[in-house]
Amino acid sequence: MTSVEATLESSAKRSLLSRLRLNLPFLIWVSLLWLIAMLLVAVFADQMRPYAITKMDLSARMAAPGTPGHLLGTDDLGRDVLSRLMQSIRVSLVIAFGATLLSAVVGTGLGFLAAQFRGWVEGAVMALADFQAALPFLIMSLAVLAFFGNSMVLLVCLMGFYGWERYARIARGLAISASAQGYAGAVLQLGATPARVYLRHILPNVASTLIVSMTLTFPEIILMESGLSFLGLGVQPPQSSLGNMVGFGREYLTQAPWIMLAPSFVIVMTTLSISLLGDWLRDRLDPTLR
Amino acid sequence: MLRHILSRLVRSFLTLMLVMTFAFLVLRLSGDPALILLGPDAPQDAINAFRERWGLNDPIWKQYLAYLVQLLTLDFGVSMRDQVPALDLVLSRIPATLAITLPALLLKIGLGIPAGVYAALHRQSIADRGVITLSILGFTVPSFVLGLLLVLVFAVQLGWLPSGGQEGVEHALLPILTLSVGGIGIMARFARSAMIEVLGQPYIRTAMAKGLSWRSVVWKHALPNAAVPIVTLLGFMIGSLIAGAAVVESIFSWPGVGRLIVTAVANRDLAVVQALLLVIASSMIVANFLVDLAYGLLDPRLRSRRAAH
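Top to bottom, those sequences are chains A and B. Residues 21 to 310 (the numbering used here) make up the first sequence, in order. Residues 481 to 789 (the numbering used here) make up the second sequence, in order.
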């Protein structure tokens with residue numbers, strides 16, 4: 021990287037930061053703190069949890085929250101709810117992160133391909149997007165998961181298809197209008213390959229819109245994964261995710277509601293924080309919506 | 481306009497073909513239905529007879545063609561488990577599902593749109609903040625959490641309503657409430673932002689400058705223009721009338737299409753799953769098609785723009 025490029029980049033970064041720093045509202049602070057806490061829990065789950073997630077204590081089954089040694093109580097097998105909750109946060113966040121990245125990359129890539137080649141490639145991508153929009157995602161996932169069996173990798177890949185068609189439509193539209201703006205044509209005239217034009221010149225210009233879309237799909241993926249796990253078709257025991265904890269806690273709704281309430285609270289708080297943050301980011305960053 | 485309708489029809493048909501191909505590929509390539517249904521201990525000749533009967537010995541392309549031919553005669557196959565036509569099984573579940581999704585849809589329209597419009601006309605008021613908060617909650621609280629919370633409060637703690645089953649109106653109340661709360665919020669938010677955008681347009685200022693009453697500006701100039709984005713969301717909600725209640729039906733053990741999906745998938749009942757996928761996708765495609773026609777009726781500008789294409 022030349023020094024000129026470096027200066028340009030750092031000044032771009034500075035203006036981005038200064039745009040962001042303008043007084044953070046209180047709710048955004050709370051959302052940010054919550055998300056940072058969740059990230060820390062996800063990273064340090066092994067060090068933080070008081071018990072192993074499968075450790076049973078049959079003498080202390082369904083202990084209420086606040087019982088010494090079990091801050092959030094225990095479940096039907098005497099396993100510590102707090103420990104399981106931490107592991108679940110890790111699993112759900114890993115799936116949601118992986119899937120969000122995957123769908124952004126796949127969708128943006130296909131959208132750029134459609135914009136570059138037009139013709140039948142564009143037709144095929146748009147037909148696939150129509151197909152994805154016509155089939156409710158939960159139904160499609162149910163079919164695929166039940167018939168191909170269950171594995172973490174498959175689950176992430178499947179969730180990675182969630183919302184790809186939105187990125188594809190956005191990326192295609194933005195790329196087409198960007199190529200009409202002249203700067204893309206200018207670099208092309210200078211001898212850049214199409215791949216370079218798309219990755220180095222068009223992508224940075226459309227990135228903020230795509231990032232905002234990612235903050236919108238992220239909570240939806242968390243909800244989709246927890247819904248699948250709730251139906252018993254997502255993450256499988258002994259592994260645990262937030263939705264799967266709610267699903268099992270449902271059996272003990274009357275005797276031990278905390279088994280189901282703790283993960284529900286985490287799901288709602290996390291999706292709420294990301295949605296608030298995404299809304300706020302959109303107002304700040306997305307030039308197309310200003 | 482006619483050309484546009486025709487091109488949309490072709491596109492819809494293409495989408496349906498893709499759905500059929502997807503259903504066929506996923507369900508047939510994933511395993512041997514004979515072994516799954518008869519169990520690993522089944523005698524070999526029973527397995528052979530089963531395969532013969534369901535055409536599972538033919539090459540996959542032959543199965544695919546046979547499948548497409550079958551669909552043209554509206555024959556979706558027979559449920560391997562219940563031995564009744566798969567389509568009949570799916571159709572027999574639709575009334576139960578509509579019994580909870582239709583009232584929920586009416587609530588979303590009847591409460592969501594007026595609330596959103598009211599919020600847009602009274603920005604920054606308490607009602608406006610209420611609508612925004614409710615819509616954010618509707619978007620972030622998953623239906624299974626909301627459903628279980630409602631059960632916890634109204635069935636377990638208060639004992640007012642039953643927590644599951646399908647005997648009378650009181651059994652439908654909690655499922656309908658679970659389905660509609662989030663949707664009301666989302667609809668209200670959509671209607672609100674559509675109205676706010678329209679109210680900022682120059683023609684509204686012109687109408688005001690002409691001295692029209694505020695009431696007639698809102699009813700004659702703003703609302704018709706805000707209808708287009710609202711209809712888009714409405715189309716999506718109508719499209720998901722049949723399939724949108726899978727989780728809620730599971731929570732309240734409501735015997736609708738959603739429950740059928742979960743059990744058919746768990747039993748690997750191929751014919752039923754295929755029929756379900758096609759019925760659900762068709763309802764979605766028809767809804768999208770209708771929305772597209774509605775655009776033309778609602779907004780003459782879209783009509784002429786298309787004609788220019």
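Hints in this document: simulated from the structure, not taken from any laboratory. Where hints are given, some of them may not hold.
As the list claims (entries may be wrong) - Facing chain B, according to a computed beta carbon distance under 8 Å, are these residues of chain A, among others: (1) Q67; (2) M68; (3) P70; (4) F151; (5) L158; (6) I159; (7) P239; (8) S246; (9) F250; (10) S284; (11) I287; (12) T291; (13) S295; (14) L297.
Backbone N, C-alpha and C fix where the C-beta goes; we use that ideal spot for every residue, glycine too.
Would you pick out the hints that fail for this structure and give their numbers low to high?
1, 2, 3 and 14
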